[in-house]
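All chains, please: the whole structure from these sequences, using the hints.
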Amino acid sequence: GGAEIKFKPVISAQEDMLIYPRLMVTPSHVIVPWDPSLTKYELELTASGGDGSYSWRSNNISVVTVSQSGVVKCNKLGDTSVIVSMPRNPAIRASSRIDVLPPSHIEILSHILEAPVHKPIILHIVLYADTADENGNLKRVHFTHCQEIQFKVEISNANFYQNVTDHTKPLGKACATVAVAGRMLGTSKVKISYKSGSVLLEASTVVASFSPVEVMHPEKKITVLALGTSRHIVWKGGPRVWQGRPAEHKRSVTSDSPVVMVEEVTSSTPSEFYVYSVMCKELGESNVILTIKNSASNGNFKHTESSSCVKVICAKPRFISFSPEIPPNSTCPYSTDSSRIVALSYEPIKVLVTITDHKGRVFDNATSLHIDWTLSSKSLGYIQYEGVVILEDKKEYNYLIPLEHYQYIHPKNRTGTLTVEGTVVNYRLQLLSRLMIVPEHPVFGILNDLKEIINPVISNSLIIVLVNASFVTPDRATVFNHPNNKVVLKVSQGSGFYKVYQSSLDIAEVRYDDSSKSVEVIPKTDGHLQLTLFDLCLSYKSPVVEIEVLKVGSILVEMVEKVQRGNTIIATVWLYDSVDNALAVANSELLELRPHVENSLVTIHRMPIDSSDGKVMFEITGVELGTTSITFTSGYGEREIRSQPQALQVFPPLRLIPQDITLAVGAVFQVTPTGGPQPDCSMEYTTSDASVAKVTSAGLVETQRIGDMSVTGIAVGYLKSTGGKIVYSKDSVNIHVIHLEGVKIHSPLMKLKAGCKMPVWATGVPEKLTPLILGSIQPSLVFKWSTSVPDIVELQDLFHATGVEVPDRDRLSMRVVALKPGRVTVHLNVTMKATKYGSVVDFSDHLDLEIFEELRVVKPLHYKASTLLVAPFTHTYLRTNKDSVSEVKYSVMGSPEAGWSITQNTALTSNTPVVTINRAGLVMSHGALGSATVLVNSVEEFGLSQTLPVNIEVKPVHYIMLNVKTKLHLGPSRVISALPRGMDLDLVVTYHDDTGEVFAATRTDINMQQNRIDNVKVVRGEVNGTLLVKLVNYGSTVLKVWDKITPKVSQDYVKLRVDHLITPTKTELTVGDVACFSMPLLDARGESGQWTSASPDVLLMESPAGVARALRPGRALVKYALSDTITTSTLVQVFPVQAIVFLPLNGRNLTNWGSFSVPLLLMSEHDSIDKSTNLLAHDNHCPSSSFAPLPHQLPFDC
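Position 211 (the sequence shown) corresponds to 211 in full-length UniProt numbering; numbering is contiguous.
I should point out that these hints are in silico values taken from the structure, not numbers from a laboratory. A portion of the hints provided could be inaccurate.
As the list claims (entries may be wrong) - Simulated pairs of lysine-lysine, PhoX-like, Cα-Cα distance not exceeding 20 Å:
no.: 1; residue 1: LYS220; residue 2: LYS311
no.: 2; residue 1: LYS965; residue 2: LYS757
no.: 3; residue 1: LYS541; residue 2: LYS499
no.: 4; residue 1: LYS744; residue 2: LYS1040
no.: 5; residue 1: LYS316; residue 2: LYS236
no.: 6; residue 1: LYS768; residue 2: LYS965
no.: 7; residue 1: LYS316; residue 2: LYS281
no.: 8; residue 1: LYS359; residue 2: LYS451
no.: 9; residue 1: LYS1044; residue 2: LYS1030
no.: 10; residue 1: LYS744; residue 2: LYS833
Unchecked claim - Computed beta-carbon distance windows for the label pairs:
no.: 11; residue 1: LEU185; residue 2: GLU404; range: 30 to 38 Å
no.: 12; residue 1: SER1168; residue 2: THR712; range: 42 to 50 Å
no.: 13; residue 1: TYR1034; residue 2: THR627; range: 34 to 42 Å
no.: 14; residue 1: HIS605; residue 2: THR627; range: 41 to 49 Å
no.: 15; residue 1: PRO258; residue 2: LYS541; range: 35 to 43 Å
no.: 16; residue 1: HIS605; residue 2: TYR1034; range: 49 to 57 Å
By construction, the Cβ of each residue, glycine as well, lies at the ideal position given by its N, Cα and C atoms.
Have a look at this one:
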């Protein structure tokens, strides 16, 4: 009921106000989890409105603190508010509630849980807390922020992985996200867990990865079809059906145009492919789209889908073309648009047909078209499918893939040119009628230049040249390996396009020449080459050509290994190919055969060649002595082949020594070959008259009667290749056989100084019958030597001091020992025993000698003088007993410089010294004869000086004499008349002057000759003037020794007889025999040597003293060794027991008391009937007293 009262005047006031947008904080309510493991949990609040300047504060800083930028940091469990205000007007403010709560539950939102491979699947994580409402009841609230919480992610499938780089923003109630992805198709369980203290929260879900939907066929996602034709379209991929939720998996196919009809192609078996059949009902284009998705019934679950599109073109044909079928990877030069091809006349020809529209797009299916086919000659072939074209397709899984259109032409096995023409004239109307399809009119119509619709001509042709399979002539060929050689092979028929395959690229260079249709083969190396001519355009069995490329694989040289100097031999060089067949080359220049000689010892020339049989001949002439090597080489570089080096010895002509020899009847003489090939050749000997003399294989001539004849020696060898004998060289000697008419004594001196010794020997009459001949006569001549006055001279044989009693038959030479002065006559009586050629003949001769006394000083009584005898041009050392203890000087008396110069003394000239001597005491004689005195002066340390004069006389050598150095020791009462086989005999040659005195120093050039060289071997010793004689075989040998340097060529002779000195002499034993071997030679201590058996299983040496027992049949070599140089041996043959003979009891009676021995005898078939014991010993004496064998050693059982 009041009334309005108006103030007059009107009361008014005015104030300026700033109006800002409302101040707000987002988010207005924040719930965050409390996680003690985090050092801080921060979140950012955003203020809006006001003047843009803000001040922040927390109502409870123990729960949260806030920075002036709005960043909130949680400190502990609890709740509070964060207030933001304007500093200009703090009353203007806004707040956000912050709850810090412990998590109590976790879950994963059902959102998009599948994605393509390698695309992230985002898991949205909802974290809850339990808190009380206004009424005190618990309620579950979700956290607004938890992205900083470290969740544990566990993925069951290893093909899935966590994408830690993805930070997608959470959706809905989710406060955090986790991204996982699959490496390949599949599903996986993902478990998200969170643990804080004793609280463990877990949630899990299943994720899946899939491939996007993609078009498998057609690969280009576009297909062209003719009206009324169809094809399969194939997709794969897309989301997969979720387990337990198949109804949510949706698949749909759509077409944006009615020109095609789409139908699903079902299969009775599960398949990963989606197959639909599309058929063209009208001309036009359509996009056919397949979509696959999973539609979730859960509102939170978002569906995923994938789709792919194929463009289908229903077109009219405009062009047709033909091409041959070319296999994959073919190198045939035909192009697909080639109008001319080559084909086999006996195999069906598959012609590929390509149909395109006006844009050149190839039809995948054009089988609804009607095509007229014509051939230029029906005699050459026929069409298999009239009026149509065939589509070849390939079935894969549950769908078909169209490949290519084709038509077959069947040739009639005749060669020629055939033209095939094909024209597209219409559709196959009956086919379209069944499909209720009405074709366009006019069919295949196009606009001409006048814009009128006309029927185009769709036609093309293909020319086919019908041929047979190719062949090569010749199909076998050989060619010599030389770069200038070439073989040409002609190729006929086939396509004309080839590739030549070689079994080896190393053997030859092969080229195919298109212009000449031929194959050229140029050899590179030898071997078997197989050429295969592969047709690049036709399929048939490729022709094969066998090529043998031959080079000189080996060179074999046939030639003797030795040629006499001045003679010529023929070398045959055989050339072989790589497979060891003789190589015949018509053009010999291609062989490039040449010899290589190591040196100039031979000359070699090639003979006129005829290599048709694979050999080349060379003449080789020996020019100089020596050994060379010849190699034959063919080719150069890599083709070079060398023969094995052929060693060739150029040897001097064979010579038999002596060239002319006179022998007595009954003499034995061995001719010695010199020169000839060495060392591996054999000598053969022949005689011109065997009745005069026989000759052995060793060249030993045994005379039979008087006469003249010749002995020819031939040096022979054998060819390694054939084994045939070849004569290297030959020579002949003339032999004269005469009667021995008498003998003479030869002596180097007629006057001999008392106390000296000289050799004498018997020589024959005529003088040509030397001691070498006399000593070899068989039966042996008997030489009886005697002296008229035995006390003036003594006759000794060479072995006088050794204990060997040389029989008269071997006393060819003797030693005259002058005992005292006087005249004496030496007598020799020689008896020739009766033979079938004559009766006993006696020859005699005598020698008058004068023995003179040496000039010497007899008063005063104690005068001592000695002379050193040396020969000219020699040297010797003087040595005294003071050389090592005092200073010794040497000089020649009368020299101007003591100790160095010479004296002439009694030299015959005034310019030539007799001797010189140096400080070392080396005395050297020169050409002057005479005598000199050498003074030897010795000065003692205490000053005593002594001088010794030494007289030296230089004289010529007058004769030489052999002396035995070897010492032989014989057992008691043992006598030997020969030397044992196997012993080495040392001989010393002494040199004497014209009085018989021995030289202290001479020059030597000792030479030896034997009447035969098979029994003893004589070599020069290590010391000058010594000989080593090896007694190697039984028999007698006459040895001649001479020195060429001595003025009169002095000589000496000795007859050596080697015999079997081992007893028992019987070398055939019976098993069970006991042999007691003995030998008269002893060592220097008078003891026997050591006996050994080389075969103790045959002959057991039970004692080194020589007691041996025969154990079993066989052979055994028994050796006796006194020292390293004195050994001998005998070969024993042991035979098996043939019989056991009981010997007579000789009056003994068998009693029943004690033991009774019955003697028995073991006999072999070689024992004589007079054998009386199984003990074989010298004089029945054996050095062992017991011969009882062990029972197992007896060769019989009782």
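Checked against the structure, which of the hints given earlier come out wrong? Violated hints (numbers, rising): 5, 6, 9, 14 and 15; every other hint is consistent with the structure.
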